[in-house]
Amino acid sequence: MKKILYSWIIMVFITASACSQSSDNTDNDGTTLSKTDSVISLRGPIQKPTSGYGSDGSYEVAEINFDNPQYEGTQVSIFYPQGITSPRPTIFFSHPYGGEEKSYNIELYNFIAKKGFVVVFVPYRTIDVSVDHRYQTLWEGFVKAATDYPNIIDTQKVGFMGHSFGGGASIDLAYKAFTEKGWGQNARFLFTMAPWYAFNWNSTQTTQQQLLSFPANTKMITQVYDEDDVNDHRMAIDIFKNINIPNSEKDFIYFKSSTVNGYDYVTDHAMPSSRTVLDALDYYGVYRLLDAMMDYSFNGNASAKNVALGNGSTAQITMPSYNGQSMAPLEVTDNPTPKYFQIKYQFRCGNSTNPRTAYCN
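Mapped onto the working numbering, the consecutive letters of the sequence shown carry residue numbers 39 to 399.
If you are wondering where the hints come from, they were derived from the structure by calculation, not from laboratory data. Take the hints with a grain of salt, since some may be wrong.
[As the list claims (entries may be wrong)] Heads up, simulated DSS-like pairs for lysine-lysine below, C-alpha to C-alpha not over 25 Å straight-line: (1) Lys-377 x Lys-294; (2) Lys-182 x Lys-288; (3) Lys-294 x Lys-182; (4) Lys-279 x Lys-382; (5) Lys-279 x Lys-294; (6) Lys-279 x Lys-377; (7) Lys-182 x Lys-219; (8) Lys-219 x Lys-288.
[Said to hold, decoys possible] Label-pair restraints from in silico Cβ distances: (9) Gly-220 x Leu-250: 18 to 26 Å; (10) Thr-88 x Gly-388: 28 to 36 Å; (11) Glu-178 x Thr-375: 34 to 42 Å; (12) Asp-166 x Lys-219: 17 to 25 Å; (13) Glu-218 x Val-167: 20 to 28 Å; (14) Ser-96 x Ser-286: 30 to 38 Å; (15) Gln-223 x Asp-302: 43 to 51 Å; (16) Ser-364 x His-171: 21 to 29 Å; (17) Asp-302 x Tyr-378: 17 to 25 Å.
Here a beta-carbon is modelled for each residue, glycine too, at the ideal position from N, C-alpha and C.
Full structure from sequences and hints, please.
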């Protein structure tokens, strides 16, 4: 199992390291202004939405980098709207295995900043001595960013977002931030994608105790992808069902693959990323729902809820079309069940590594 894991990690890491889709200029004050291409072409026939949720915002993107307190030789990055004069609501993003390079999800970070919000990216060692140290690396990077840049980061309105390992880690990290730091007093949400096992770090509580005592104002989107054969969907289902968030404020979203005009929109474990493929699945499936979630949570826009947490509304599930061919609609439920046997997945919910095996369905 370790050989399989490490070979997969190394393959992802090399690919991520080789791919960068932005270039930077640095001002005299150390702030980096990212050159983002607002007309970048997406793979496949369907291009970016030009209006509404999922369309690019109007801000230019600025970036600040500082030394990572727990990972020597790397830097924590803060992406934010250029020219802001007050702190903005912030997303704390936890990357997947192999996502140490910010190029892995650079388009996501730019998208958030162009919308007028802030995102913090903290690289952790892909192959590390312990899960605890990965969590510690993320935590200390997030806290230092918030402590050192209060003029940029508003900790009263926050979201925790993560993919794969980062999706599982976001649960514990968000809980710590909400309960120990008091972050998110005015807005809190979780956005997890194809999450790996959820551990807890440096806590006297079990993961179940944490889940059952999440603050009442937390909102949540959980996404899983049909062709993912890495992370068992049962891990996402477990967290979704056990977390103390009412059904009205959370949705479990299932993505199916599509073929449109001969192009395959593939819902595998790598989505979303900027490594090799950036297509309509990223913009309409991930960015669009995140955009609406930020507007609903941070701005209190009730109409945004119909897209972010629409409980299967037409506005939420409808995906775009091209020449009469439509992408598969999203499947949304409050009572998810697994579609495949555990044997399909590299990391199964029932694996002894998972501290929550008792909650696998």
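Consistency of the hints with the structure:
no. : hint                          : result
1   : Lys-377 x Lys-294             : 12 Å, holds
2   : Lys-182 x Lys-288             : 29 Å, violated
3   : Lys-294 x Lys-182             : 38 Å, violated
4   : Lys-279 x Lys-382             : 22 Å, holds
5   : Lys-279 x Lys-294             : 21 Å, holds
6   : Lys-279 x Lys-377             : 16 Å, holds
7   : Lys-182 x Lys-219             : 12 Å, holds
8   : Lys-219 x Lys-288             : 23 Å, holds
9   : Gly-220 x Leu-250: 18 to 26 Å : 20 Å, holds
10  : Thr-88 x Gly-388: 28 to 36 Å  : 45 Å, violated
11  : Glu-178 x Thr-375: 34 to 42 Å : 38 Å, holds
12  : Asp-166 x Lys-219: 17 to 25 Å : 24 Å, holds
13  : Glu-218 x Val-167: 20 to 28 Å : 24 Å, holds
14  : Ser-96 x Ser-286: 30 to 38 Å  : 32 Å, holds
15  : Gln-223 x Asp-302: 43 to 51 Å : 44 Å, holds
16  : Ser-364 x His-171: 21 to 29 Å : 45 Å, violated
17  : Asp-302 x Tyr-378: 17 to 25 Å : 20 Å, holds
The structure is inconsistent with the numbered hints 2, 3, 10 and 16, although it conforms to all the rest.
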